[in-house]
Amino acid sequence: GAVVSQHPSRVICKSGTSVKIECRSLDFQATTMFWYRQFPKQSLMLMATSNEGSKATYEQGVEKDKFLINHASLTLSTLTVTSAHPEDSSFYICSARDPRGSSGGADTQYFGPGTRLTVL
Amino acid sequence: EDKVVQSPLSLVVHEGDTVTLNCSYEVTNFRSLLWYKQEKKAPTFLFMLTSSGIEKKSGRLSSILDKKELFSILNITATQTGDSAVYLCAVKETSGSRLTFGEGTQLTVNP
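Chains A and B, in that order, are what the protein sequence lines are. Residue numbers are given in the working numbering: position 63 of the first sequence equals residue 63, and the series is strictly consecutive. Residue numbers are given in the working numbering: position 69 of the second sequence equals residue 69, and the series is strictly consecutive.
What the hints contain is simulated information worked out from the structure, not anything from laboratory work. Nothing here was measured: the structure is a model prediction, and the numbers come from that model. Incorrect hints may appear among the rest.
[As the list claims (entries may be wrong)] With a cut-off of at most 30 angstroms between alpha-carbon atoms, the simulated DSS-like pairs for lysine-lysine come out as follows:
{"hint": "1", "chain 1": "A", "residue 1": "55", "chain 2": "B", "residue 2": "68"}
{"hint": "2", "chain 1": "B", "residue 1": "68", "chain 2": "A", "residue 2": "64"}
{"hint": "3", "chain 1": "A", "residue 1": "66", "chain 2": "B", "residue 2": "56"}
{"hint": "4", "chain 1": "A", "residue 1": "66", "chain 2": "B", "residue 2": "41"}
{"hint": "5", "chain 1": "A", "residue 1": "41", "chain 2": "B", "residue 2": "3"}
Just need the whole structure built from these sequences, with the hints factored in.
Given below as structure tokens:
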């Protein structure tokens with residue numbers, strides 16, 4: 001299947017700093033990428049949908065000024081957690097939609113390996 | 001609001017047992033239901049179901065969808081310790097590619 005990478009895999013930062021997470025589709029062009037957050041023992045919660053060349057669509061309750069999303073190319077989307085606080089500590093996962101389809105059908109989403117953010 | 005409910009939330013079995021994981025959903029414009037396996041990192045795709053009554057099978061795993069009852073099950077036969085993971089059910093609507101996930105079932109297979 002298609003490959004999606006995330007960088008970094010783990011980051012520890014001090015409260016008040018900003019952290020940027022990259023999501024790349026390695027062997028396909030992803031017009032749409034999704035950012036999820038997962039707290040321990042909970043499911044994936046969609047934060048925002050990122051479309052190449054346009055503004056991201058945020059889910060209700062997600063602050064767009066705090067979680068800045070940029071999808072400047074067909075293979076890269078970035079999530080910047082601004083002024084991070086301990087409550088932002090979580091596992092952040094991106095997925096990229098492969099429009100070519102696969103065994104998962106058209107619009108299959110492939111997930112990156114995730115980024116574990118710890119804010120001290 | 002779309003809703004996906006999985007049960008049980010947690011399950012502990014012995015190697016060789018057969019397990020059935022459940023997923024029910026309430027979605028306005030249902031398109032497909034997907035099952036994922038999540039170990040330590042990101043979910044990996046298992047199955048996508050769009051039609052009722054057609055079983056999808058991959059090795060010891062199989063899944064089926066009942067669109068009338070808004071329900072799907074994931075079966076794992078002859079479980080192995082490597083099957084230990086969180087199994088996530090997600091539903092996709094007809095519009096867009098957005099997935100709504102259930103809480104997941106934490107499966108632990110003991111030797």
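Hint-by-hint comparison with the structure:
no., hint, in the structure
1, A:55 / B:68, "violated (38 angstroms)"
2, B:68 / A:64, "violated (38 angstroms)"
3, A:66 / B:56, "violated (41 angstroms)"
4, A:66 / B:41, "holds (24 angstroms)"
5, A:41 / B:3, "holds (18 angstroms)"
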